[in-house]
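With these hints in hand, go ahead and build the complete structure from the sequences.
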Amino acid sequence: MITFTSFPVPADDTYNGAHSHHPDVSEDVLMDLDDDQDPLEAGGSKLTYPGESLTSSQAYMRGHGTYVENEEVIASVAGTMERVNKLVTVRAVRTRYNPEVGDLVVGRITEVQPRRWKVDANSRQDAVLMLSSVNLPGGVQRRKLESDELQMRTFFEEGDLLVAEVQAFFSDGAMSLHTRSLKYGKLRNGQLVTVPPVLVRRLKSHFIALPCGVDLILGLNGYIWVSKHVKASDQEGEEGFDAEAVYSNQNDYIDDLTRIAISRVTNIIRVLAAHFVPLTDTLLLEAYEWTVDQEGGAKDLLQEDVGDALVATITARL
Amino acid sequence: MGSRVEILNDGGFRSDGRRQFELRDMTIDLSQQGQADGCAVVTHGLTQVLVSVFGPREAKMRSQTMHDRANISVEVNVAAFSTGERRKRTRGDKRILELAATIKSTFEPVVQTNLYPRSQIDVYVQVLQQDGGLLQACINATTLALVNAGIPLLDFVCAVSGGVHSTSPLLDLTLLEENDIPNVTVAMMPKTGKVTLVTMETRLHVDRFEEIFRLAGDAGKVIHGEMKNAVRSRTSALVAAMGSGPRVGGVDVAADKDGDDRMNEY
Chain A
1 MITFTSFPVP
11 ADDTYNGAHS
21 HHPDVSEDVL
31 MDLDDDQDPL
41 EAGGSKLTYP
51 GESLTSSQAY
61 MRGHGTYVEN
71 EEVIASVAGT
81 MERVNKLVTV
91 RAVRTRYNPE
101 VGDLVVGRIT
111 EVQPRRWKVD
121 ANSRQDAVLM
131 LSSVNLPGGV
141 QRRKLESDEL
151 QMRTFFEEGD
161 LLVAEVQAFF
171 SDGAMSLHTR
181 SLKYGKLRNG
191 QLVTVPPVLV
201 RRLKSHFIAL
211 PCGVDLILGL
221 NGYIWVSKHV
231 KASDQEGEEG
241 FDAEAVYSNQ
251 NDYIDDLTRI
261 AISRVTNIIR
271 VLAAHFVPLT
281 DTLLLEAYEW
291 TVDQEGGAKD
301 LLQEDVGDAL
311 VATITARL
Chain B
1 MGSRVEILND
11 GGFRSDGRRQ
21 FELRDMTIDL
31 SQQGQADGCA
41 VVTHGLTQVL
51 VSVFGPREAK
61 MRSQTMHDRA
71 NISVEVNVAA
81 FSTGERRKRT
91 RGDKRILELA
101 ATIKSTFEPV
111 VQTNLYPRSQ
121 IDVYVQVLQQ
131 DGGLLQACIN
141 ATTLALVNAG
151 IPLLDFVCAV
161 SGGVHSTSPL
171 LDLTLLEEND
181 IPNVTVAMMP
191 KTGKVTLVTM
201 ETRLHVDRFE
211 EIFRLAGDAG
221 KVIHGEMKNA
231 VRSRTSALVA
241 AMGSGPRVGG
251 VDVAADKDGD
261 DRMNEY
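Residue numbers (UniProt numbering), protein chains in the order written: chain A, 1 to 318; chain B, 1 to 266.
A portion of the hints provided could be inaccurate.
[What the hints assert, rightly or not] Derived, one-sided and incomplete: chain B residues facing chain A with beta-carbon distance under 7 angstroms:
no.	residue
1	ARG86
2	ASN114
3	TYR116
4	ARG118
5	VAL147
6	LEU153
7	ASP155
8	LYS228
9	THR235
10	LEU238
Simulated from the structure, these hints should not be mistaken for laboratory data.
Every residue gets a Cβ at the ideal spot worked out from N, C-alpha and C, and that includes glycine.
Spelled out as structure tokens, the structure:
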């Protein structure tokens, strides 16, 4: 089952920043008490808004999220300011995925072109997956034939989901992916959840097997694949490669308990994302155990009070 | 004036009880709505606008991609129930297309589109309620939605409308005032004081223009203060939720204080 679902109107009124006072009332909400303290020297991260002067461009270098005008470094996004020696950067709180080489991403095929697929990876441009960077049936070292070009749709079709690694960048900043590992390839037996990309931190491994029989792939682009657990031995096989299995569009049989576990995990992820809590494997596991203890169904999680309670419990434990 | 409602009475009050230079209540809601990258709901009095920003993302039409910068596309939708008389406007309506084109040209010099070659930034404006100052609400909401989506801007764009009743200038007009008196909408960037948009649909006496233009510039700074606060508290709430950084952000009080003071002088 492959589904794109949007979260019901999220329950994050605590963070909505609603202001309701008359514009003529002077700023009384957020007074800064240590105004004269130089944020660059203070060491802590400072919050910025677009158009805020940060420092002089003669003493510091501008990094991402800033620009220079009249010898001043000025922030161009709302986020946290960071300084490394003389380099001043601003990291936006919410933004699209910024790819780096080696990142693990989950994506969806949007287009089949000559010798390449276009992949939507939640970035500012579609990613490119070259025919030469996928594993083809019949051995890894096989030469690409013209017949392969003609039957590209038998490997990946529009709408297929896949997990891949960022291999390189093109000159215009578009990323090139590869699936040349047995860990990568087409996704099935599960469900996709999307979260803001900042919430997925770089981890030792982005393939997580939860003990409840659910596998997770945390794409750094904020796409998360939640699926039925596949035994490691099944995955690899001998000589590593079974084209039938890798490019199959057919789901395995998934029993009801696993289906419920998958929905429960996806709902937990949605709740955590709506509350802007960064996802880690331990956090998800704790959250799963908490929800099982509460003895509610998987869909109860999407109720506002249950979600709030979950986040309160989880963040208190950390 | 006769039987018509007085725009400005002898006591110096307008039809809704405001004084000449008073702005209407402004509320800003930056919470997440659906799958958009950035959203903002802005109300000025009874005018309410919802803006969702998607992108930068792959351009859907190849003809729209530009190899050196991102394309901004603006789509405006006016809800049938937004005005007093229920009227369905189609998307091809000339007035709506013009509104969209105005918003687009206001933001093109402000968004750093050169950072996103071959991409597209989609701005969807949904007008929920109309009571004058529609363009100003659209522009303010678009600014906030873009900031919320993490798209780099040179500065905020703050818009406000103004008009002249015989010789006395008024700010932030309601629909009643807008229909009756010459008016102008000004969008400015508060940091540099640069103006990105001045638009008039009525004739305004050239001698009055300078005064109203200057007033609108000052009012823009007041609106900037509001918008800045909303962005700050949203940012600090998100950063706090992510469990890093300070819980409450600082506001550069001195900078917008003088904007307020200048308004009070009038």
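Evaluation of the provided hints:
For the restraint placing ARG86 of chain B at the interface with chain A, the shortest Cβ-Cβ distance is roughly 26 angstroms, beyond the 7 angstroms limit, so the hint is violated. Because the beta carbon of ASN114 of chain B sits about 11 angstroms from the nearest beta carbon in chain A, more than 7 angstroms, this interface hint is broken. Hint status for TYR116 of chain B: holds, given a least beta-carbon distance of 5 angstroms to chain A, under 7 angstroms. For ARG118 of chain B, the shortest C-beta to C-beta distance to chain A is roughly 6 angstroms, which falls under 7 angstroms, so the interface hint holds.
With 7 angstroms as the threshold, the beta carbon of VAL147 of chain B comes within range of chain A, its nearest partner Cβ sitting at about 5 angstroms, so the hint holds. Nearest Cβ of chain A to the Cβ of LEU153 of chain B: about 4 angstroms, under the 7 angstroms cut. The hint holds. The closest approach between the C-beta of ASP155 of chain B and any C-beta of chain A is roughly 3 angstroms, which is under the 7 angstroms cut-off, so the hint is satisfied. Hint on LYS228 of chain B holds. Least Cβ distance to chain A is approximately 5 angstroms, under the 7 angstroms limit.
Annotation: interface hint on THR235 of chain B holds; nearest CB of chain A at approximately 5 angstroms, less than 7 angstroms. Residue-level restraint check for LEU238 of chain B holds (minimum Cβ-Cβ distance to chain A is 5 angstroms; threshold 7 angstroms).
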